[in-house]
Amino acid sequence: MPQANLFERIGGAAAVDAAVDIFYRKVLTDDRISHFFDTVDMERQRTKQKAFLTMAFGGAGSYSGKDMRAGHAHLKLTEEHFDAVMENLGATLQELQVPGELIAEAAAIAASVKNDVLNR
Amino acid sequence: MRVAFEGREHDLAAGESVLECLERHGEQVASMCRAGVCQCCLLRAESGEIPGIAQQGLKESWRAQGLFMPCVCRPTGDLQVVRTDAIPVFHARILDVLALSPRVMRVRLSTPDFFRFSGGQFIQLVRPQDGLMRSYSIASLPGEEQLEMHVAMQPEGKMSQWLAASPGAAVEVRGPLGECSYVEGEPERPLLLAGTGTGLSPLYAVLRSALLAGHTGPIHLFHAAAEPRELYLWQQLGALAAGRSNVRIAASVPGGEWTEPGISALPLPDQLLATDLPMKAARAYLCGNPDFVRSTRKRLYLQGMPLGRIHADPFVPPAANGTMG
Chain A
118 MPQANLFERI GGAAAVDAAV DIFYRKVLTD DRISHFFDTV DMERQRTKQK
168 AFLTMAFGGA GSYSGKDMRA GHAHLKLTEE HFDAVMENLG ATLQELQVPG
218 ELIAEAAAIA ASVKNDVLNR
Chain B
194 MRVAFEGREH DLAAGESVLE CLERHGEQVA SMCRAGVCQC CLLRAESGEI
244 PGIAQQGLKE SWRAQGLFMP CVCRPTGDLQ VVRTDAIPVF HARILDVLAL
294 SPRVMRVRLS TPDFFRFSGG QFIQLVRPQD GLMRSYSIAS LPGEEQLEMH
344 VAMQPEGKMS QWLAASPGAA VEVRGPLGEC SYVEGEPERP LLLAGTGTGL
394 SPLYAVLRSA LLAGHTGPIH LFHAAAEPRE LYLWQQLGAL AAGRSNVRIA
444 ASVPGGEWTE PGISALPLPD QLLATDLPMK AARAYLCGNP DFVRSTRKRL
494 YLQGMPLGRI HADPFVPPAA NGTMG
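Residue numbers (our numbering), protein chains in the order written: chain A, 118 to 237; chain B, 194 to 518.
These are computed hints drawn from the structure, not numbers from a lab. Since no wrong hints were added, every one of them can be taken at face value.
Straight-line distance between alpha carbons at most 35 Å, and here's what the computed DSBU-like set of lysine-lysine pairs gives: (1) A/Lys231 x B/Lys491; (2) A/Lys167 x A/Lys183; (3) B/Lys491 x A/Lys193.
Can you make the complete structure from the sequences, with help from the hints?
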């Protein structure tokens, strides 16, 4: 039997909707990275979190490596910042009681853009 | 990068906003807050990409038409833009002006025919002689005879001083704009209304809309005045709350020993923290001082309120280099 892709198994668009506010609140209160996310335009920032989660969940995101580089280059991010986002992603999925093996798959997708995000 | 404005092409300097670029090349574009809030400088893009921040707070149909605010638009490619007449213009007259406190006056306008609005939305008020423009919230409700605004008296304020001296004068009313109005169909939802200074004016309209609609959920209204003479409408609010167990009003006024129930010197953010309103289930209206509005919106969101239920109406003062006074 062919296995459904991660996005379907994790719960599709509804899972993204369930996760986005939990995730955005976590990063907004994480002292290591909150300053990158604390903007006047919260609606737009929230939309960006949705796009990120869709990508991490294996959904048809519109991210390309080039977008990732262009979008993050000016932030001068470090390993610590990247790890903080990964931790918040994991904690969000745990809070939603997503099975561990699916969390690992999502984390692997998110980790695959690390070099682009850190501009290396 | 280049910006074409009504057919004339201009070079965009690095880091420059579209508004700054057009002004540098001698184009006349009206502006006020220059912070992406008042919508006075609105233009329409015919081609090119508009960054999201330049469309924040605009209604969906306007975004779709390519309307944007050039004051906060720093594009990543070429743009073709034109003026827009998307904001309807009406003609009205100043009926009367009344001091509500030593710092705040009530200005009432004749309601133009066919002007459709919800209480709490805002208008751009224009002095016809020279185009001087300011944004004011509408404190009255549809169906009421006059259009009511609450205007803070500024010692050097061009518009407030002129309004105070000009009953009978003709004005232009552009709008209505904004989303700061009562939402029908959820009579049990807890409502948090919090504002500083004349940020009370849209809240007054939202409160009265809610009562008119028979709202049964709890309504907590908080008003912060920077000083005692900025406090206004306190008696009227008390009368609205009297006999209604679901309506609570409170004011934060620094300086002074307050004995009147509801008024205290405790800062507004602290009063909000102490409220027992269930924030996750509530809808909030935040008006007035931009720092207060932004920090409170963030705090409510972190307390579990969805962004879609937080109506934020920051009152951004005119920028020093705005073209409207």
